[in-house]
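Number of protein chains: 2
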Amino acid sequence: MNDKSIRLAVAQINPTVGDIRGNLDLIISNMRQAAEAGADLVVFPELALTGYPPEDLVFKSSFVEDNLKALQEAAAASTGITAILGFIDRRDDIFNAAALLHDGEVAGVYHKRFLPDYGVFDESRYFRAGQGELIFSLHGLKLGVTICEDIWYPAEPLLGLAGEGVEMVVNISASPYHLRKAAQREKMLSVRASDYLMSVVYVNMVGGQDELVFDGISMVFDECGNLVDRAAAFTEDLRLVDLDLKGILHQRLRDSRWRKLHLPRLGATDGIIHLGELQTGAKSPEVIRNPEPLLEDMEEIRRALRLGLHDYVRKNGFNTVVIGLSGGIDSALVAVLAAEALGAENVRCVYMPSRFSAEISRQGAADLCVNLGIEMLTLPIDGVMESYLTELAPAFAGLSPNIAEENIQARIRGNLLYALSNKFGWLVLTTGNKSEMSVGYSTLYGDMAGGLAVIKDLPKTMVYSLCRHINREREIIPEMIITRLPSAELRPDQLDTDSLPPYDILDPILEAYIEDELGADEIDFAPHELVSRVIAMVDRNEYKRRQAPPGIKITTRAFGRDRRYPITNHYR
Amino acid sequence: MNDKSIRLAVAQINPTVGDIRGNLDLIISNMRQAAEAGADLVVFPELALTGYPPEDLVFKSSFVEDNLKALQEAAAASTGITAILGFIDRRDDIFNAAALLHDGEVAGVYHKRFLPDYGVFDESRYFRAGQGELIFSLHGLKLGVTICEDIWYPAEPLLGLAGEGVEMVVNISASPYHLRKAAQREKMLSVRASDYLMSVVYVNMVGGQDELVFDGISMVFDECGNLVDRAAAFTEDLRLVDLDLKGILHQRLRDSRWRKLHLPRLGATDGIIHLGELQTGAKSPEVIRNPEPLLEDMEEIRRALRLGLHDYVRKNGFNTVVIGLSGGIDSALVAVLAAEALGAENVRCVYMPSRFSAEISRQGAADLCVNLGIEMLTLPIDGVMESYLTELAPAFAGLSPNIAEENIQARIRGNLLYALSNKFGWLVLTTGNKSEMSVGYSTLYGDMAGGLAVIKDLPKTMVYSLCRHINREREIIPEMIITRLPSAELRPDQLDTDSLPPYDILDPILEAYIEDELGADEIDFAPHELVSRVIAMVDRNEYKRRQAPPGIKITTRAFGRDRRYPITNHYR
Numbered sequence: 007m008n009d010k011s012i013r014l015a016v017a018q019i020n021p022t023v024g025d026i027r028g029n030l031d032l033i034i035s036n037m038r039q040a041a042e043a044g045a046d047l048v049v050f051p052e053l054a055l056t057g058y059p060p061e062d063l064v065f066k067s068s069f070v071e072d073n074l075k076a077l078q079e080a081a082a083a084s085t086g087i088t089a090i091l092g093f094i095d096r097r098d099d100i101f102n103a104a105a106l107l108h109d110g111e112v113a114g115v116y117h118k119r120f121l122p123d124y125g126v127f128d129e130s131r132y133f134r135a136g137q138g139e140l141i142f143s144l145h146g147l148k149l150g151v152t153i154c155e156d157i158w159y160p161a162e163p164l165l166g167l168a169g170e171g172v173e174m175v176v177n178i179s180a181s182p183y184h185l186r187k188a189a190q191r192e193k194m195l196s197v198r199a200s201d202y203l204m205s206v207v208y209v210n211m212v213g214g215q216d217e218l219v220f221d222g223i224s225m226v227f228d229e230c231g232n233l234v235d236r237a238a239a240f241t242e243d244l245r246l247v248d249l250d251l252k253g254i255l256h257q258r259l260r261d262s263r264w265r266k267l268h269l270p271r272l273g274a275t276d277g278i279i280h281l282g283e284l285q286t287g288a289k290s291p292e293v294i295r296n297p298e299p300l301l302e303d304m305e306e307i308r309r310a311l312r313l314g315l316h317d318y319v320r321k322n323g324f325n326t327v328v329i330g331l332s333g334g335i336d337s338a339l340v341a342v343l344a345a346e347a348l349g350a351e352n353v354r355c356v357y358m359p360s361r362f363s364a365e366i367s368r369q370g371a372a373d374l375c376v377n378l379g380i381e382m383l384t385l386p387i388d389g390v391m392e393s394y395l396t397e398l399a400p401a402f403a404g405l406s407p408n409i410a411e412e413n414i415q416a417r418i419r420g421n422l423l424y425a426l427s428n429k430f431g432w433l434v435l436t437t438g439n440k441s442e443m444s445v446g447y448s449t450l451y452g453d454m455a456g457g458l459a460v461i462k463d464l465p466k467t468m469v470y471s472l473c474r475h476i477n478r479e480r481e482i483i484p485e486m487i488i489t490r491l492p493s494a495e496l497r498p499d500q501l502d503t504d505s506l507p508p509y510d511i512l513d514p515i516l517e518a519y520i521e522d523e524l525g526a527d528e529i530d531f532a533p534h535e536l537v538s539r540v541i542a543m544v545d546r547n548e549y550k551r552r553q554a555p556p557g558i559k560i561t562t563r564a565f566g567r568d569r570r571y572p573i574t575n576h577y578r
Numbered sequence: 007m008n009d010k011s012i013r014l015a016v017a018q019i020n021p022t023v024g025d026i027r028g029n030l031d032l033i034i035s036n037m038r039q040a041a042e043a044g045a046d047l048v049v050f051p052e053l054a055l056t057g058y059p060p061e062d063l064v065f066k067s068s069f070v071e072d073n074l075k076a077l078q079e080a081a082a083a084s085t086g087i088t089a090i091l092g093f094i095d096r097r098d099d100i101f102n103a104a105a106l107l108h109d110g111e112v113a114g115v116y117h118k119r120f121l122p123d124y125g126v127f128d129e130s131r132y133f134r135a136g137q138g139e140l141i142f143s144l145h146g147l148k149l150g151v152t153i154c155e156d157i158w159y160p161a162e163p164l165l166g167l168a169g170e171g172v173e174m175v176v177n178i179s180a181s182p183y184h185l186r187k188a189a190q191r192e193k194m195l196s197v198r199a200s201d202y203l204m205s206v207v208y209v210n211m212v213g214g215q216d217e218l219v220f221d222g223i224s225m226v227f228d229e230c231g232n233l234v235d236r237a238a239a240f241t242e243d244l245r246l247v248d249l250d251l252k253g254i255l256h257q258r259l260r261d262s263r264w265r266k267l268h269l270p271r272l273g274a275t276d277g278i279i280h281l282g283e284l285q286t287g288a289k290s291p292e293v294i295r296n297p298e299p300l301l302e303d304m305e306e307i308r309r310a311l312r313l314g315l316h317d318y319v320r321k322n323g324f325n326t327v328v329i330g331l332s333g334g335i336d337s338a339l340v341a342v343l344a345a346e347a348l349g350a351e352n353v354r355c356v357y358m359p360s361r362f363s364a365e366i367s368r369q370g371a372a373d374l375c376v377n378l379g380i381e382m383l384t385l386p387i388d389g390v391m392e393s394y395l396t397e398l399a400p401a402f403a404g405l406s407p408n409i410a411e412e413n414i415q416a417r418i419r420g421n422l423l424y425a426l427s428n429k430f431g432w433l434v435l436t437t438g439n440k441s442e443m444s445v446g447y448s449t450l451y452g453d454m455a456g457g458l459a460v461i462k463d464l465p466k467t468m469v470y471s472l473c474r475h476i477n478r479e480r481e482i483i484p485e486m487i488i489t490r491l492p493s494a495e496l497r498p499d500q501l502d503t504d505s506l507p508p509y510d511i512l513d514p515i516l517e518a519y520i521e522d523e524l525g526a527d528e529i530d531f532a533p534h535e536l537v538s539r540v541i542a543m544v545d546r547n548e549y550k551r552r553q554a555p556p557g558i559k560i561t562t563r564a565f566g567r568d569r570r571y572p573i574t575n576h577y578r
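In the order they appear, the protein sequences are chains A and B. Counted from 1, the first sequence has number 62 at position 56 by our numbering; the numbering is strictly sequential. Counted from 1, the second sequence has number 536 at position 530 by our numbering; the numbering is strictly sequential.
Read the hints as simulated data drawn from the structure, not as lab findings. From the three backbone atoms N, C-alpha and C, an ideal C-beta is built for every residue, glycine too. Hints should not be assumed to be uniformly reliable.
[Claimed, not checked] Simulated crosslink set (DSS-like; lysine-lysine; CA at most 25 Å straight-line):
1) 10/B / 252/B
2) 550/A / 429/B
3) 550/A / 187/B
4) 289/B / 252/B
5) 550/B / 429/A
6) 429/B / 10/B
7) 66/A / 429/B
8) 66/B / 550/A
9) 10/A / 252/A
10) 266/B / 193/B
11) 289/A / 266/A
12) 266/B / 252/B
13) 289/A / 252/A
14) 66/A / 289/B
15) 187/A / 66/B
16) 10/A / 429/A
17) 289/A / 193/A
[Said to hold, decoys possible] Quick partial rundown of chain B residues pointing at chain A, CB under 7 Å, derived from the structure:
18) 308
19) 385
20) 388
21) 417
22) 421
23) 425
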């Protein structure tokens with residue numbers, strides 16, 4: 007069987023952080039399916055046993071211990087197949103690791119060498135960087151193992167693996183989604199394959215975990231960098247892929263760059279694990295699958311939000327969500343996404359008008375609910391508002407209404423939604439977008455009150471684009487909600503533009519400042535005075551964001567773990 | 007003047023994150039004072055120019071640029087003196103650095119070698135670890151420079167410095183406070199000095215920055231590990247210290263351990279910066295100061311909270327705070343601390359009774375306000391509560407009162423406090439303790455609503471101890487507030503013990519689980535069923551803590567940046 011042909015199973019699974027038993031069951035079930043389909047090798051994502059990121063759970067010795075016991079169970083279940091599985095290893099230190107399981111045993115272990123400490127990652131907090139390689143032979147093929155960040159580096163560890171003659175590298179990942187990242191990964195992986203004339207098998211996690219969505223889209227490349235398979239986006243997928251690499255040596259020997267790059271180490275075979283041949287299940291006929299298509303931007307975002315929302319709600323034990331509808335575009339979008347993620351029957355919508363609410367708001371909210379098949383609960387807030395004003399009248403005597411009165415209204419709505427949440431066990435979804443969150447155009451404990459801020463990382467202009475995308479086939483979001491001028495409706499005739507520049511001017515400034523980390527002097531496409539005012543608003547409102555619910559990361563720089571700013575900060 | 011005698015100035019200053027201009031002024035003013043007092047060398051804390059921790063401000067190139075310009079200004083101001091100053095260096099990468107300033111020039115730079123990535127620290131996110139040493143000679147003394155974490159390691163970089171014959175090591179720090187850390191630092195620094203027969207000059211930052219308090223307590227040790235000076239705790243201090251190390255070589259040559267440890271590198275002088283002699287100001291007579299005393303535990307905590315509170319309020323531009331008094335011990339303690347930190351005239355107290363509030367609560371709150379000299383505003387909440395219940399009556403028809411009605415009350419109080427905050431520009435202080443925050447015995451957007459959670463890291467048993475300490479000399483907190491049984495007063499005859507074990511049983515379990523990271527099976531001093539129930543409460547309430555205001559770190563493991571748990575977490 008030394009023909010360099012292999013049947014791979016790429017197990018793109020959705021584990022849950024901390025659910026070691028449930029994750030193990032999922033892994034064993036995928037391993038069995040793969041074995042039954044005649045796969046020689048099945049690969050699972052990074053830290054598949056524990057879920058990713060486990061954060062400070064790693065500091066619990068019982069947690070690491072439980073994961074090690076589960077690894078032994080996974081190994082015992084690997085009869086008749088070879089598997090690569092992400093777990094936490096404990097030696098003289100703690101490592102982000104991959105185990106090579108083979109026919110009931112742990113045949114080898116690899117420790118991640120490059121630990122990311124940027125963006126949402128804190129891996130140096132938890133793990134020691136590994137040294138060394140894990141190389142094994144199977145069916146006459148020489149395979150190497152890497153973990154996530156490792157393969158983003160152009161030289162080591164791939165350079166070393168190539169020098170050892172490795173023909174196929176497996177990369178197990180838990181790579182969080184942001185817009186267009188799949189295309190970026192695909193380009194990079196393809197070049198890695200062709201640079202090293204090495205087949206690349208990339209398996210990514212899928213699922214939502216707090217602020218992060220793992221998008222899946224696992225991929226297999228041949229040794230020339232051609233895409234052989236691409237798994238589905240935003241859903242579990244077990245992909246079977248037949249690969250034949252018998253031409254690889256011929257390729258390498260006629261490639262002058264490859265020979266110069268790797269010659270020094272070529273031929274060394276020290277430390278390579280030779281796996282015995284297994285009696286695999288009867289192979290079904292050759293698997294011919296078309297790679298799943300990449301999604302266009304707006305559909306990608308929609309699916310990311312839907313998965314992130316679904317998994318946050320369900321993994322935290324909720325069935326039903328409740329949303330305060332304002333008649334505006336943000337809450338309409340969140341309601342649509344919730345209905346898509348959870349089913350309309352699990353979404354409750356509440357309209358809470360005040361004396362400042364326009365009839366068009368009620369109409370928009372009501373029409374949306376009709377379109378979604380959701381009954382709308384109406385709770386007017388003027389009575390409660392009156393009782394607050396009466397209570398505060400002595401303290402406020404002689405002072406004009408200002409932001410204080412506006413915020414009371416928003417907080418009454420928050421209190422009403424949480425009364426429903428507490429009474430019926432519904433999770434509250436907030437509806438604020440990234441533009442608002444950036445400049446603090448929102449009320450802490452008011453419209454910011456909720457368990458999950460679904461569109462927190464979507465700039466307002468992106469909210470519009472996504473709504474138009476959703477309405478492409480039929481009008482789900484009433485057109486008047488999209489076309490009306492945005493208003494918080496907290497005082498008579500209020501418009502967002504009373505306090506903020508138009509969103510098509512605001513959003514590019516925010517992107518330059520937040521995503522690109524540019525200073526006021528470097529943002530030259532808008533008047534300097536405006537840029538400075540916007541930046542000051544962003545900085546001043548860090549205290550609000552610190553108390554905001556988690557939101558789903560969509561851009562390259564989301565608020566939350568991804569962007570760590572001091573509250574007390576005099577830099578301007 | 008090669009007599010190995012030196013006059014040091016230890017400038018324990020309180021910079022503000024991002025206020026590069028203000029910090030520079032503070033630095034220059036301390037430098038001038040030191041020079042006028044005849045100091046040869048003045049030392050400033052780690053990242054004194056930018057404040058610590060600057061967090062993601064480091065990613066702004068304009069921020070790093072401004073700090074480099076300020077460094078040049080500081081250098082220019084160093085005429086007639088030598089200084090060590092913490093700043094951010096930019097070469098081929100970004101470094102946490104110390105500059106050696108000498109008579110108007112930057113004479114050398116050191117890059118921090120050990121970057122902490124545990125607890126509240128994320129330095130690998132921002133900086134590259136340095137290599138190499140900074141050694142300079144002054145007055146015939148050989149001095150080396152280290153930054154904070156560097157000196158917590160027993161071997162390098164001190165080993166290398168000793169090998170070069172360094173006689174005095176300067177360590178510039180921004181070391182955050184936790185209970186009894188000063189004593190731990192002092193012991194370690196003393197042993198470092200005696201291990202290497204090297205005088206240790208340790209300068210720590212002082213001041214509050216969001217969740218952190220820097221306690222100061224800078225120290226100077228002679229080459230035998232004897233404490234020569236200790237600066238004040240929790241306040242700025244410019245210490246002048248005269249040291250004479252002419253006996254150091256004699257000490258070293260008769261110490262067998264020292265000679266064996268350092269022999270290989272001894273005598274190498276490569277890369278040592280020889281500073282010229284300066285015309286220093288007329289030296290006043292020898293400075294003889296007694297080291298400031300260490301504080302006992304409760305006074306230490308009181309001073310830490312006072313400083314953290316003061317700096318959070320003032321550095322964020324507030325004058326006045328507002329506190330909801332319940333008549334219970336937590337809010338009483340916060341009011342006392344606020345009055346100590348800001349002056350009673352800058353503290354507003356609001357009592358917000360409901361039908362469930364006992365007369366003893368009103369009396370306790372009122373008596374406390376009399377003791378503090380604060381007028382108490384009373385805002386009963388039953389009227390507003392009625393309006394909510396009326397509004398919700400159709401939705402809640404046929405259902406019994408439960409936590410929903412309890413939480414509405416807490417949120418009415420939050421809304422009233424924020425109405426006052428919004429109207430008058432007062433910062434709201436929350437009053438929850440660590441025991442409550444741990445098990446979620448608090449209402450999100452209710453009693454958790456505020457800008458700063460002053461005693462968030464104090465377990466309830468510590469709250470009692472601190473109150474008794476405060477009352478030691480005279481009764482500030484009315485005795486009945488301390489002795490009554492704790493109650494949230496959200497339903498008739500409610501007691502904390504209805505929902506929670508007594509605090510003297512609860513707190514040790516929480517400490518074992520949170521600070522010591524023990525699992526349920528390892529906590530054997532309480533019934534297993536109780537331990538499991540407590541742990542489940544802690545884990546389940548991570549979502550509340552994620553939206554809590556920042557609080558002042560007092561223990562070894564505070565909630566916030568110090569403890570990073572997933573919300574979605576199935577590990578039990």
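Taking the hints in turn, this is what the structure says about them:
1. 10/B / 252/B: Holds, at about 5 Å.
2. 550/A / 429/B: Distance ~18 Å between residue 550/A and residue 429/B Cα, so the pair holds.
3. 550/A / 187/B: This hinted pair is violated, its Cα atoms lying about 31 Å apart.
4. 289/B / 252/B: Status holds; Cα separation ~19 Å.
5. 550/B / 429/A: The hint holds at about 17 Å.
6. 429/B / 10/B: 62 Å, violated
7. 66/A / 429/B: Answer violated: residue 66/A to residue 429/B is near 46 Å, above 25 Å.
8. 66/B / 550/A: Roughly 22 Å between the alpha carbons, so the hint for residue 66/B and residue 550/A holds.
9. 10/A / 252/A: 5 Å, holds
10. 266/B / 193/B: Holds - the C-alpha atoms of residue 193/B and residue 266/B are around 24 Å apart, at most 25 Å.
11. 289/A / 266/A: 39 Å, violated
12. 266/B / 252/B: Distance ~22 Å between residue 266/B and residue 252/B Cα, so the pair holds.
13. 289/A / 252/A: At roughly 19 Å apart (the allowed maximum being 25 Å), residue 252/A and residue 289/A satisfy the hint.
14. 66/A / 289/B: Between residue 66/A and residue 289/B the Cα gap is close to 56 Å, so the pair fails against 25 Å, i.e. violated.
15. 187/A / 66/B: It holds: about 24 Å lies between the C-alpha atoms, which stays within 25 Å.
16. 10/A / 429/A: 62 Å, violated
17. 289/A / 193/A: 32 Å, violated
18. 308: This hint is violated: residue 308/B lies away from chain A, its Cβ roughly 21 Å from the closest one there, beyond 7 Å.
19. 385: Cβ of residue 385/B sits 6 Å from chain A, so the hint holds.
20. 388: Status violated, d = 10 Å.
21. 417: Holds - the Cβ of residue 417/B comes within 7 Å of chain A, reaching about 4 Å at its closest.
22. 421: 4 Å, holds
23. 425: 5 Å, holds
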